[in-house]
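Could you slot chain D with the ligands onto chain X? The hints should help.
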Amino acid sequence: MNEIIADVLVIGGGMAAGWAAISAAKTGARVVIADKGFMGTSGVTAPAGPNHWWVPPEPGLRKAAVERRLESTFGLADPVWMERIIDITWQSIPEIAPWYPFSGDGKNGTFRSGLRGPEYLRALRQYATKLGVIILDQHPVLELLARQDGSIGGAAGYDRLNDRPWNARTGAVILATGGCAFRSGLLGSYNNTGDGYLMGVEAGAELSGMEFCVSYSISPAWLSTRTLPYTGARYFNAEGQLLSIPGWDKPREYLCKLADAFRTGPVYADLHEAPVGLPAVIREIQPATVAAFERRGLDMFQDRFEVKLFGEGTIRGIGGLRIIDDVCATAVPGLFAAGDAATREHIAGATSGGGAQNAAWALSSGVLSGTGAAREAKKRRKALNQSEKLNPLGGPGLRPSDTIKTVDNKAAIQTAQNEILDLDKALWRNETKLSSSASLLDAAWSEIRNNLQGRNLDAVSARETAAMVATARWCNASALVRKESRGMHVREDYSQQSPEYQSHIITGGLDKITSYLEKPRVAEVVS
Amino acid sequence: MITEILSERCNNCNTCVAVCPDHVLDLAKNDQPPAIARPDQCQTCFLCELYCPEDAIYVAVVVPRSELQNDPMGNIRRDYGWDGHKEEPLKNFWQLGGLLREGVMISSARYALQQSDDKKPEKKI
Ligand SMILES: Cc1cc2nc3c(=O)[nH]c(=O)nc-3n(C[C@H](O)[C@H](O)[C@H](O)COP(=O)(O)OP(=O)(O)OC[C@H]3O[C@@H](n4cnc5c(N)ncnc54)[C@H](O)[C@@H]3O)c2cc1C
Ligand code: SF4
Ligand code: SF4
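Protein chains in written order, with our numbering: chain X, 3 to 529; chain D, 160 to 284.
The following block holds chain D by itself, in its conformation from the complex:
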């Protein structure tokens, strides 16, 4: 859930308010950053962070940022490689399908092994 908009970084551009798919935020007013008005509607998609040009937003996952060893602020934009963070942001994207199928093979082979083990009489004890 979105927990922070840092006023010292925010330039009040309202991009996050416009891009949040779930209408969590209210427009910036009186030199204040946008308000987190409806946090219960937040689907933790991190996309406001991705679009924030100032890395002013933090979307937390259960644990408050202050309790984490490494501060993940700004990681989303860096990991997606937006705004020049990466030259070729989707260099390895083609591996998606192969990795998915490999995982399926791993679990189905494990299951087959478990089934044959279960059939061995000594296992039943």
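Okay, chain X solo, but in the shape it has when bound:
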């Protein structure tokens, strides 16, 4: 077997992973990135192009930006964290200038807040490589490895182009595996199956805010694209009647009205009233969006087209691994989390906001986890070569607890999708629906747990299936615990926000899901 030795292993190949590797490498640590796909094309940023939270370093401006955003966090965010990520984002983006083709901002300056995906990820790759980071593409990680004291000392995975297993022995590990959209078809999310949540919980880490996974984006029914062109769209029913759909400034009302429309039949859109400046630049800003229409034989600004809401799960939802300090450490020694793999509640609270914060979080939590992991790894450096025995922590999909049997992966994934992404279940939650989802998800889980084993390359999809069902169970369990409505989590049976629940819902555990409430640090600051 191919064993890799390094100080820091970064799992993932998106924005968070890139920034984590760069920041760890800057401290002199030996850093390895292992990505399921290719660092440059994988993750949800690569085919898109995020705008970052971008506020110049003037105290008045920054304070105002934080206060404005704080209003929509429903008491679960921390202004100190918010200011921190604004600053790190501002400092970091200019660093990629040697590799990114920055252009003007229309006002004689340089436009830095928004970056096009393929060029952004390519730049992060080149920057990381320049700093000596070793990048292992097509090396999905299957499980974490623990030292005898329970701390994390490496990971094991599969090299899918060379068809062979590999493992790494490292001083610290960063999970930057992204969020989970349950294979909804959301742009760029095929690899985002919640693997990091599963691996983290197997190691003893906890999750936070998993109930905040109610997020959708509109696209042509046949392909998820970026959503820029549709902000001004008109919507129609099958009879061609114009529907009354609120604008994106009212995200919940917008989603609810669309959900109502989908209940009665297909929904169509046209872009006749799109901003007049859009057609001239859309091909440059988002070439792939144009291709979605052009290659379908449609004129995107003339033809009416069927639309669909694609579930975003915890990608533009909020939940993820609980972090316990300001370098993004999980509660498990040696294990860190960044980007969508970590909870974003610290800066987003209970709503996703209008984007920009998400990318700033992925970048900054990456930078912070990189420094934290490098520091941790330094302490372990001497012990690294002593070939202490490492325990593999992976359970479901790798080491079934009962006899191995064929498990219908597709059906299991379908169950996760149905129970978490279905609009009626997600937008109008209640005890009855959530309990029924819990039993269906538990049944799917037992089968995976008892019988599923993927070997060689099949281990990758077996773990993905297990991770999606596990993630669905944590989301559903958290939604059951939060007996109130707050932000994107809305319960029909508890329609009010309750001060009792101005807390994070922390979940963990595999077969038996445990949960408790944790008061946010911000509670005193805002109230």
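Hints are not guaranteed to be accurate.
[Stated by the list, open to error] Computed spacing ranges between beta-carbons, pair by pair:
| no. | chain 1 | residue 1 | chain 2 | residue 2 | range |
| --- | --- | --- | --- | --- | --- |
| 1 | D | Lys188 | X | Ala99 | 36 to 46 Å |
| 2 | X | Pro61 | D | Glu247 | 30 to 40 Å |
| 3 | X | Arg457 | D | Asp190 | 23 to 33 Å |
| 4 | D | Pro223 | X | Lys407 | 33 to 43 Å |
| 5 | X | Asp495 | D | Gly257 | 34 to 44 Å |
| 6 | X | Glu275 | D | His244 | 24 to 34 Å |
| 7 | D | Lys188 | X | Leu519 | 26 to 36 Å |
| 8 | D | Lys245 | X | Glu275 | 21 to 31 Å |
| 9 | D | Ala196 | X | Asn239 | 36 to 46 Å |
| 10 | X | Trp101 | D | Lys279 | 56 to 66 Å |
| 11 | D | Pro212 | X | Ser105 | 16 to 26 Å |
| 12 | X | Ser500 | D | Lys279 | 36 to 46 Å |
Worth flagging that the hints you see were computed from the coordinates, not collected in a lab. We put the beta carbon where it would ideally sit given N, CA and C, even for glycine.
Same frame as chain X, but now just chain D with the ligands:
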């Protein structure tokens, strides 16, 4: 979904196999181009096309290429402006945020108008 790798254009460099995030392709063998081994995993991101130096790949969107009036083969790389296709590929990228907000304003103004129209009694018939 990726549907074509043209053997007459492909130089068997395997770049597409390495860059596909979803492991759709198998390595080129015996002078044959990479094989589209797992098309069901394709997320139609067009990024293999973007990275292919020979414009040998076509990622279709439901309709086969042969049925389109203008052949879009190679458009992805040209539109992204890679490999010297454009001098300043991101010249207008700064317009993104403004256009997005403008669209939101358009739809929210339309909705407000629809709401006030709905309140007019004659509309109810
Ligand atoms: C369409 C779309 C548009 C968006 N636009 C904006 C925007 O304008 N502004 C904004 O702020 N935010 C935006 N976001 C959100 C933002 O893109 C994400 O928050 C950000 O990309 C998260 O980065 P990440 O690195 O955590 O995850 P990702 O970029 O998703 O990366 C996850 C990585 O983990 C890898 N991985 C997964 N499992 C494994 C495994 N088992 N082993 C190894 N690797 C693994 C994947 O291959 C991938 O490389 C958008 C999201 C979407 C979907
Ligand atoms: S990248 Fe293009 S030229 Fe290279 S192997 Fe793939 S199809 Fe052939
Ligand atoms: S379109 Fe994307 S997912 Fe499909 S083969 Fe090409 S790179 Fe892979």
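A quick look at each hint next to the structure:
About 41 Å separates the C-beta atoms of D:Lys188 and X:Ala99, a value consistent with the hinted range of 36 to 46 Å. At roughly 35 Å, the beta carbons of X:Pro61 and D:Glu247 sit within the given window of 30 to 40 Å. Between X:Arg457 and D:Asp190 the C-beta distance comes to about 31 Å, which sits within the given range of 23 to 33 Å. The hinted range of 33 to 43 Å is satisfied by D:Pro223 and X:Lys407, whose Cβ atoms lie roughly 40 Å apart.
Distance hint check for X:Asp495 and D:Gly257: the Cβ-Cβ separation is about 42 Å, which falls inside the suggested range of 34 to 44 Å. Range check, X:Glu275 to D:His244: Cβ separation about 32 Å, and the 24 to 34 Å hint holds. Roughly 57 Å separates the CB atoms of D:Lys188 and X:Leu519, a value that falls outside the hinted 26 to 36 Å. Range check, D:Lys245 to X:Glu275: about 30 Å between beta-carbon atoms, so the 21 to 31 Å window is met.
Between D:Ala196 and X:Asn239 the beta carbon distance is about 41 Å. The supplied range of 36 to 46 Å therefore holds. At about 58 Å, the beta-carbon gap between X:Trp101 and D:Lys279 stays in the expected band of 56 to 66 Å. Distance hint check: the CB atoms of D:Pro212 and X:Ser105 are about 24 Å apart, consistent with the given range 16 to 26 Å. In this structure the hint that X:Ser500 and D:Lys279 lie 36 to 46 Å apart at CB holds, the actual value being about 39 Å.
Checked against the numbered hints given earlier, this structure breaks only hint 7.
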